[in-house]
Structures are given as structure tokens and as C-alpha cells.
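Trainee: Sequence:
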Amino acid sequence: MRKIVLNKIVYAVAVMCMVITILYCPTDVYAATGSVTFGSESYEARDNSQFQVGVYLKTKSKMGSYHVEVEYDKSRMEYTGGAESESNGVITLEGIGVSDQIKYMLSFKTISGGDAYIKVKNAYIYTSDANSTEQFDMTELDEAGITIEGEDTGTPRTEEPTEYVGPFETDIPHLEPSIKLNDTDYYVVDSNQYVPESVSWKYVLVPGKLGNMDVTFYSNEAQDIFFLSLVDSNGETHLYSYSNSQKQLYECNFYNTGNTIYYYTSPYASDSWPEGLTEDVIKKQNICYALRSDGESGFYKVEADKLTLWNVDENIADAKPMTGKLIFIMIIAIITGLALIVLVYFWGREVGRARRKKKNSKKKRVIVSNDIKQIKNDDVEKTENHLNEKGEEPIISVQDVTMKFKISNSSASGMKDFLIQKLKHQINYRELYALDHVSFDVYKGEVVGIIGTNGSGKSTMLRIVSGALNPSGGKVVVDRRKVQLLTLGTGFDMELTARENIYLNGAIIGYSKKFIDEHFDEIIDFAELQDFVDEKVKNFSSGMVSRLGFAIATAGDAAEILILDEVLSVGDEFFRKKSLARVKEMIHGGSTVLMVSHGMGTILDNCSKVVWIEKGKLQMVGDPKTVCAAYRKQQNV
1 MRKIVLNKIV
11 YAVAVMCMVI
21 TILYCPTDVY
31 AATGSVTFGS
41 ESYEARDNSQ
51 FQVGVYLKTK
61 SKMGSYHVEV
71 EYDKSRMEYT
81 GGAESESNGV
91 ITLEGIGVSD
101 QIKYMLSFKT
111 ISGGDAYIKV
121 KNAYIYTSDA
131 NSTEQFDMTE
141 LDEAGITIEG
151 EDTGTPRTEE
161 PTEYVGPFET
171 DIPHLEPSIK
181 LNDTDYYVVD
191 SNQYVPESVS
201 WKYVLVPGKL
211 GNMDVTFYSN
221 EAQDIFFLSL
231 VDSNGETHLY
241 SYSNSQKQLY
251 ECNFYNTGNT
261 IYYYTSPYAS
271 DSWPEGLTED
281 VIKKQNICYA
291 LRSDGESGFY
301 KVEADKLTLW
311 NVDENIADAK
321 PMTGKLIFIM
331 IIAIITGLAL
341 IVLVYFWGRE
351 VGRARRKKKN
361 SKKKRVIVSN
371 DIKQIKNDDV
381 EKTENHLNEK
391 GEEPIISVQD
401 VTMKFKISNS
411 SASGMKDFLI
421 QKLKHQINYR
431 ELYALDHVSF
441 DVYKGEVVGI
451 IGTNGSGKST
461 MLRIVSGALN
471 PSGGKVVVDR
481 RKVQLLTLGT
491 GFDMELTARE
501 NIYLNGAIIG
511 YSKKFIDEHF
521 DEIIDFAELQ
531 DFVDEKVKNF
541 SSGMVSRLGF
551 AIATAGDAAE
561 ILILDEVLSV
571 GDEFFRKKSL
581 ARVKEMIHGG
591 STVLMVSHGM
601 GTILDNCSKV
611 VWIEKGKLQM
621 VGDPKTVCAA
631 YRKQQNV
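If you read the sequence shown in my numbering, its first letter stands for residue 1, the second for the next number, and so on.
Hints are computed from structural coordinates only; laboratory data are not their basis. Please note that a few of the clues may not be correct.
[Unchecked claim] Under the rule of at most 30 Å between Cα atoms (straight-line distance), these lysine-lysine pairs were calculated in the DSS-like manner: (1) K74 - K584; (2) K482 - K404; (3) K406 - K422; (4) K306 - K406; (5) K58 - K103; (6) K538 - K103; (7) K475 - K625; (8) K301 - K103; (9) K609 - K60; (10) K625 - K609; (11) K404 - K422; (12) K306 - K283; (13) K109 - K514; (14) K109 - K58; (15) K406 - K121; (16) K119 - K247; (17) K513 - K536; (18) K62 - K617; (19) K577 - K633; (20) K577 - K444; (21) K609 - K538; (22) K121 - K482; (23) K62 - K284; (24) K247 - K62; (25) K202 - K62; (26) K424 - K404; (27) K283 - K444; (28) K121 - K284; (29) K283 - K60; (30) K444 - K617; (31) K109 - K74; (32) K404 - K62; (33) K424 - K475; (34) K444 - K422; (35) K482 - K617; (36) K584 - K482; (37) K444 - K615; (38) K536 - K514; (39) K406 - K444.
Produce the entire structure from the sequences given, and follow the hints as far as they go.
Mentor: Structure follows, in C-alpha cells:
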């Protein structure tokens with residue numbers, strides 16, 4: 001026995017040492033990839049109306065700083081908010097990430113009909129790893145079309161010109177065509193025929209590419225930095241550095257100490273950064289990259305009146321004591337692990353004694369029928385089979401859920417009749433099974449549709465998952481703090497106005513007054529009820545009530561788990577398209593979605609899995625096409 005315990009202790013200590021070593025000695029083995037996409041492939045809007053477009057920045061790991069440029073059709077759309085800045089039809093998204101995904105909701109107002117567009121022009125996203133700043137490889141920069149109803153008064157779409165419409169004259173040998181940089185037109189100086197006076201170091205000429213143009217760069221003997229000279233319409237030359245990895249030009253400045261000239265530029269002009277140099281260090285210490293007139297290059301601190309060579313050793317010196325810290329941490333971890341193992345061992349012995357004592361004290365033997373055993377075996381099989389093919393646990397696990405209601409057969413028309421029938425024992429109840437032993441799993445990122453005929457228990461299932469109802473049997477495993485249930489018309493008072501109902505219904509959903517104040521105009525505009533804000537809801541048509549309910553329900557950001565209960569069959573045909581676009585924005589925002597709809601087209605277009613429930617019983621779970629085909633076949637029988 002002691003030998004077994006000793007072996008367990010040694011094994012546990014070895015495992016803990018391995019874990020600590022892995023945690024404190026990480027290696028970069030992942031491919032840093034990312035994407036910038038829109039919430040939908042296409043959008044529809046009306047002239048002189050407002051709409052939103054979701055922009056999603058996604059990376060394989062936690063992102064650091066980012067800079068994204070989004071271009072839109074400024075002749076048909078007017079940007080109204082949602083990003084850090086905008087200039088001349090280009091919206092800039094920039095900041096520091098806190099996770100592997102960032103969402104922006106850009107707001108626009110249409111100013112013309114026609115076919116507009118929005119596209120991701122440029123995207124630079126960097127990793128948050130303090131040990132190595134690496135740019136994510138952008139695998140997708142999205143573009144979406146926007147169809148705007150109304151007269152088309154916008155300008156036809158053309159690609160941004162790279163050539164200057166009217167070439168300027170200059171005597172300096174240059175390459176054709178001209179290029180545009182920071183809204184200024186330049187020619188690239190032909191380095192083989194002309195060398196500006198500013199290039200005073202011992203240079204070498206290196207052939208290369210600037211976009212589709214063949215150019216020749218000035219470089220040093222080490223060829224660790226490359227320069228081009230540009231000439232403007234005034235005949236003045238400007239020196240720029242160029243990064244092969246970033247495919248970008250950076251302005252170059254001069255610093256003359258009397259003996260040495262420093263050509264300093266952005267640190268991003270260098271394609272290789274030393275260990276310890278990160279974006280955080282660059283920002284805090286104001287680091288640049290510089291080439292000296294003697295041909296030596298390196299990273300420098302930009303100070304008040306001088307450039308100081310950046311010392312790599314000073315920045316990695318703090319990492320040297322890590323070995324001592326690691327040993328100390330390992331010793332503490334080993335001692336803690338041993339203590340826990342001993343504690344668990346003695347606790348297990350006490351538990352075993354208590355169980356044996358309890359077992360010996362029983363005088364009656366419990367006889368379990370074969371049927372109950374089979375049920376238990378089935379339950380064990382269900383609970384042990386929750387991992388998907390990727391080994392992920394479900395984000396929603398519906399386990400043998402049963403929901404029954406007591407239905408009275410009483411026809412009492414009032415309290416008096418009810419009491420009389422009750423005293424005469426004339427009131428009986430029958431049990432209605434809305435759900436009968438239903439089980440299925442939903443994994444992160446899935447869009448799961450629930451189908452079935454009316455009265456089959458679909459909405460009941462959604463309310464159980466959201467926590468609005470407790471099941472009669474079974475259970476649902478889900479983090480309800482992450483759940484948002486969208487259903488229309490809950491909490492409407494027909495005697496109140498639309499304005500009053502927005503605050504009432506919003507409070508029931510969980511919105512704060514401040515949130516509703518900020519989104520009030522957006523809700524009214526989306527519901528298209530600008531002329532009925534102070535009209536009582538009882539005077540609204542059913543379509544107007546549905547539109548108002550939908551606008552309120554979808555005003556907030558999508559939760560991690562989104563539950564949609566027949567929210568897509570709202571209003572007229574145009575509003576249904578608009579509401580479907582809004583829901584698609586929420587669906588494609590990374591939420592896990594559970595939805596009920598009688599529209600097979602909606603289910604097939606949006607769902608990755610379908611659950612078919614018929615009269616409370618689970619019929620089928622699987623691929624949308626297969627399940628929907630089986631459902632339709634049964635309805636046609």
C-alpha cells in the first residue's frame with residue numbers, strides 16, 4: 001500500500017514539474033493568422049435611412065495593437081459613427097486588443113440609391129506576446145455589397161487611381177507612373193541615374209519591387225534597410241525607407257551631430273527585430289530605426305537632443321533572474337503538491353471507512369428492476385457521450401428534459417363557479433407532456449434550429465434553456481449569465497404609448513435607462529415609427545407592434561448564447577429582409593445561436609444543425625438538409 005502511495009506521489013510531482021516547465025518556457029508554434037470580415041455578405045437599405053454594418057476583427061490568439069482601414073461608397077452613404085476616426089471615405093479602426101476578437105458596429109445614413117459597397121482596405125494587427133511582436137498574417141479582408149432603394153445619384157465606382165491625372169514636369173530622372181502618398185503625388189527617382197545629395201553614406205544599389213513597379217533601392221552593405229528617393233511637383237526630393245514585409249513606405253528624417261549623419265525612420269522599416277524589442281517598448285521608449293553615414297544601422301532611442309543606441313542587454317537583463325525564480329516556484333509547487341496528495345490520501349481513507357460503515361449498517365437490500373437499470377445505463381451513455389469530434393464540451397447540454405403541465409377540465413366561468421365545482425370535487429386535471437425525454441447538445445459557434453409543428457414544445461424548450469421555466473424532469477447544463485432570449489411583444493402595455501413601451505419592454509429585457517436613452521432614436525428609426533412615437537400601442541397594427549418589439553429586442557449587442565423565438569417573421573416583406581439582416585449580424589458575431597422558425601428557408605440558410613421535435617418527442621438531430629427533408633416528407637404523408 002505504501003509503495004502504491006509513493007509511486008503516486010512521484011508521478012504527481014513529475015507531472016507538476018512538466019506543467020510548470022511548459023508554462024514558464026513557452027515556445028511559439030502557432031501560425032499567427034487573422035481576418036477582418038463583415039457581418040453579412042450583402043446589405044439592403046432605403047434611401048435617406050440609417051443602417052449598421054458589423055466589422056469583426058478575429059485572430060488565432062490574443063491580439064495586441066491594430067490598425068484597420070475600411071473604405072465605403074461616400075457618394076451614396078454618409079458615415080455617422082462607430083469607429084475611432086474617418087476621413088474622405090476611409091474609416092480607421094485602431095487600438096489595443098484585449099482578446100482574440102473585436103467587434104465594431106459602424107453606423108451609416110444613405111444619401112443616394114444604387115449599388116454601394118464597403119470593403120476592408122488595409123489591416124495591420126499585431127500579436128500581444130511581450131517576447132516577440134509579430135504581425136498576424138491576414139487571411140481575409142472582406143468586401144460587401146449594399147443595395148440602396150431609391151434614385152441613384154452617386155458616382156460610378158472606380159478603383160483609386162495610382163497615376164497622376166496630369167503628370168508634372170521635372171528634370172530629375174524618374175520612373176513612370178507617378179504614385180500617390182498621403183494625398184501628394186510623387187515620382188520615384190531613378191536610382192541608377194540620379195543620387196540626391198542627402199544620400200551621403202556608402203550605398204549599394206539593390207533591385208526590387210514597389211507594388212508592380214520595378215525600382216532600385218539605396219541600401220547599406222549589410223542590406224538590412226532600403227531607401228527610395230521621391231520627387232514632388234516642386235522638384236524637391238524626399239527620402240523614404242521601405243519595408244518588404246509591410247509593403248509600405250516610411251518617411252525618413254535627418255539628424256546631424258557634426259561628425260555623423262543619422263537617417264532615422266520608423267522601426268517597422270526593419271524586417272527583423274531583436275529579442276526584447278516589442279511594440280510596448282517602442283511606444284514607451286520612443287524607438288526608431290536609423291542608418292548612420294558610416295553605413296552602420298540599428299535601433300535608437302529618440303531623446304530631446306540626441307539619438308542613443310538602444311541597448312538590448314538592458315531590456316533582457318530582467319529576464320536573467322528568471323532561472324532562480326523558476327527553481328523557487330518549482331520547489332513551492334512540489335511542496336504544495338505533496339501536501340495535497342497526502343491530504344487527499346487520508347481524506348480518501350476516512351471516506352472509505354464511512355462508506356463501509358454505512359453499508360454494513362443497512363439491513364434491507366435494494367432491488368433494482370431491469371428497466372430502471374436500463375434507464376440508468378442509457379443516462380450514463382448520454383452523459384459520457386457529450387464531447388464532439390474536436391473534443392470540445394457542449395456550451396448547451398439538454399439532458400433527458402421532460403416538461404409536463406397540469407391542465408384543468410373545468411369549464412368554470414368565474415371564481416364562484418370554480419369554488420362550487422371544487423367543493424363538489426368536479427374539477428379534475430390531466431397531464432400534458434410538452435416535452436418528453438428530449439436530449440441534444442449545442443457546441444460553441446453552432447447555429448441550431450428547432451423545427452416542428454405547432455404545439456410540439458419548441459418555444460417551451462427555448463424557455464427552459466433560457467431559465468424562464470424549470471423542467472419537470474432532466475436538466476439543462478448552460479451558463480445562463482451568457483444567455484439572451486429574444487422574443488417579441490413580451491411586457492407590452494397596449495394602453496401606453498410607443499415611447500413608454502420602449503422603456504417598459506427594455507427594462508423587462510434587462511436594458512438600463514441610460515442604454516435606452518442612447519439607443520431610443522435608433523429603435524424608432526429601425527421600427528419605422530417616427531410618426532407614431534407618442535401614439536398608444538393599442539392603435540397600432542399587428543405588424544407595427546411586431547416591428548417595435550423586434551427593434552427593442554435587437555437593440556443591444558448579441559450575447560454569447562443567443563436564443564431566437566420566431567423573431568424573423570416580422571412586418572412587411574422589406575422589413576423582414578431588414579430584420580433578417582439584423583439577426584444575421586448578431587448570428588455572425590460569434591454567438592452560439594438556438595432558434596425557432598417555421599420558415600424552412602430561414603433554417604436552411606442560417607443553421608449548421610437542426611433539432612426536430614414533434615408533439616414533445618425528439619424525432620431527429622443532424623444536418624439541416626437531411627432533417628428538413630424528413631420533416632417535409634412526414635408532413636406530406
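Trainee: If you draw a straight line from the CA of K538 to the CA of K103, is it 30 Å or shorter?
Mentor: violated (38 Å)
Trainee: Do the alpha carbons of K625 and K609 lie within 30 Å of each other, as the hint requires?
Mentor: The hint holds at about 9 Å.
Trainee: Take the C-alpha atoms of K424 and K475, compute the straight-line distance between them, and say whether it is at most 30 Å.
Mentor: Between K424 and K475 the Cα gap is close to 38 Å, so the pair fails against 30 Å, i.e. violated.
Trainee: Would you check the hint for K306 and K406, treating anything up to 30 Å between C-alpha atoms as holding?
Mentor: Not satisfied, since the Cα-Cα distance of roughly 85 Å exceeds 30 Å.
Trainee: Given the hint that K444 pairs with K422, does the C-alpha gap stay at or below 30 Å?
Mentor: violated (50 Å)
Trainee: Checking one constraint from the list: CA of K404 to CA of K62, max 30 Å. Satisfied?
Mentor: This hinted pair is violated, its Cα atoms lying about 46 Å apart.
Trainee: Please work out if K406 and K444 have their alpha carbons no farther apart than 30 Å.
Mentor: violated (35 Å)
Trainee: K536 and K514: Cα distance at most 30 Å?
Mentor: holds (23 Å)
Trainee: Are the Cα positions of K406 and K121 separated by 30 Å at most?
Mentor: violated (60 Å)
Trainee: Between K62 and K617, does the CA-CA distance stay at or below 30 Å?
Mentor: Violated. K62 to K617 sits at ~43 Å, over the 30 Å cutoff.
Trainee: Can you confirm whether the C-alpha distance between K513 and K536 stays at or below 30 Å?
Mentor: With a Cα-Cα distance of about 21 Å, the restraint between K513 and K536 holds, given a limit of 30 Å.
Trainee: Compare the distance between the alpha carbons of K283 and K444 with 30 Å, and conclude whether the hinted pair is satisfied.
Mentor: violated (37 Å)
This entry does not satisfy hints 4, 6, 8, 15, 18, 21, 22, 25, 27, 32, 33, 34 and 39, going by the numbered hints stated previously.
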